[in-house]
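**Student:** Sequence:
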Amino acid sequence: MPDKDVPIVFRLVHQEPEVGLELRSVIVSIRRAWLSLLLVPIFFGLIAFALSFTITPKFEAVIVVSVDDSSRAMQSALGSLGGVAALAGIGVQNTSRTAETVRFLESRYLAEKFISSAQLETELSGTPSLIRRLSGGEEPSEQGVFNRAVVNFDQNVRRVTWDRMTGIIELRIRWKSSSRSVEWADSMISIANREMRDRVIRDSERSLEYLRGQLETTDVVSIRQAINGLIEEQFRQAMVANVKEDFAVRVLEPAYVLNPDKPDHPRRHVIAVLSAVIGFLITIFLALRK
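Everything in the sequence shown is counted per my numbering, starting at 41 for the first residue and increasing by one.
Bear in mind the hints are in silico, worked out from the structure with no lab data behind them.
Treat the numbers as computed from the prediction; the structure is a model and nothing was measured.
It cannot be assumed that every hint is accurate.
Ranges of calculated distance between the beta carbons of each label pair, as one might list FRET restraints [unchecked claim]:
(1) Val104 with Arg234: 40 to 50 Å
(2) Ala90 with Pro294: 30 to 40 Å
(3) Thr258 with Lys153: 58 to 68 Å
(4) Phe89 with Gly184: 33 to 43 Å
(5) Asp286 with Thr206: 16 to 26 Å
(6) Leu91 with Ser156: 29 to 39 Å
(7) Gln159 with Leu75: 20 to 30 Å
(8) Ser156 with Phe89: 35 to 45 Å
(9) Ser262 with Ser219: 30 to 40 Å
Every residue gets a Cβ at the ideal spot worked out from N, C-alpha and C, and that includes glycine.
Can you make the complete structure from the sequences, with help from the hints?
**Tutor:** See the structure below:
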């Protein structure tokens with residue numbers, strides 16, 4: 041414990057040489073290890089670069105889509121019947137259909153539909169030996185294989201991005217084959233359109249049933265006219281959903297591979313540089329401990 045009677049300035053002056061000695065010893069230690077600081081990062085980088093060739097190369101396909109958010113266009117036509125419209129299942133809230141579509145494209149439900157329709161359970165779940173090892177040596181059930189395929193697809197294959205400013209949605213599929221990546225991206229959008237179109241048709245049918253019931257219970261001319269307007273709108277929406285294949289998601293740019301001649305993954309130069317940096321830091325740490 042420093043002497044309290046010694047002036048602070050005097051103590052600081054006498055502490056500066058100790059700091060200088062510590063800094064000088066660090067510099068000396070680094071100088072002594074200059075060869076290791078040069079060779080170890082190179083070694084780490086070369087080893088990582090070589091090992092990166094054992095990673096299966098993958099190509100990334102992207103399809104650009106948008107959503108026709110027409111829910112707000114109905115707001116002005118609803119007037120004072122907002123409560124009736126809400127009970128009928130007609131969207132009068134300000135929530136965006138785009139957000140709902142993005143969530144659906146990211147959903148497990150859509151992944152399951154896609155994997156089942158294309159029969160990709162085995163291809164996406166991994167090799168039989170890997171599945172047995174993950175299952176503790178036991179032969180996995182069909183449901184176990186399917187669940188693993190869905191998890192792998194969700195974590196490593198599919199990615200959805202959404203630009204909130206423009207409303208543009210990008211669905212990205214990464215797989216070992218460039219042609220399969222494009223095929224899967226197109227197929228997912230087709231399935232999403234079909235599922236969301238069927239959902240709109242079912243919702244319209246339920247809404248029409250409710251609105252017809254409400255029409256029979258009132259004799260007020262203005263209310264009957266408003267309800268008839270809602271019924272007409274639901275008829276129109278159901279008709280468009282029945283005849284328009286891209287009713288929910290409109291394709292702006294068909295699926296394409298970002299780099300047809302070069303796999304998107306792994307990025308070998310990035311792996312090599314990061315490994316070299318790690319090797320450099322490890323060398324400095326060991327040099328300073330001596």
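**Student:** Each of the hints needs a verdict: does it hold here or not?
**Tutor:** Here is what the structure says about each hint:
At roughly 19 Å, the beta-carbon separation of Val104 and Arg234 lies outside the given 40 to 50 Å, and the hint is violated. As the Cβ distance of Ala90 to Pro294 is approximately 38 Å, the hint placing it in 30 to 40 Å holds. Checked against the hint of 58 to 68 Å, the pair Thr258 and Lys153 fails, with Cβ atoms roughly 41 Å apart. Taken as a hint, the range 33 to 43 Å holds for the pair Phe89 and Gly184, whose Cβ atoms sit roughly 36 Å apart.
For Asp286 paired with Thr206, a C-beta distance near 18 Å keeps the hint of 16 to 26 Å intact. Checking the proposed 29 to 39 Å range against Leu91 and Ser156 shows it holds: the Cβ atoms sit about 36 Å from each other. Between Gln159 and Leu75 the CB atoms are about 57 Å apart, so this pair departs from the stated range of 20 to 30 Å. Look at Ser156 against Phe89: about 40 Å separates their beta carbons, and that is inside 35 to 45 Å.
Checked against the given bound of 30 to 40 Å, the beta carbons of Ser262 and Ser219, roughly 59 Å apart, lie outside it.
Violation of the numbered hints given earlier is confined to hints 1, 3, 7, 9; the remaining hints are satisfied by the structure.
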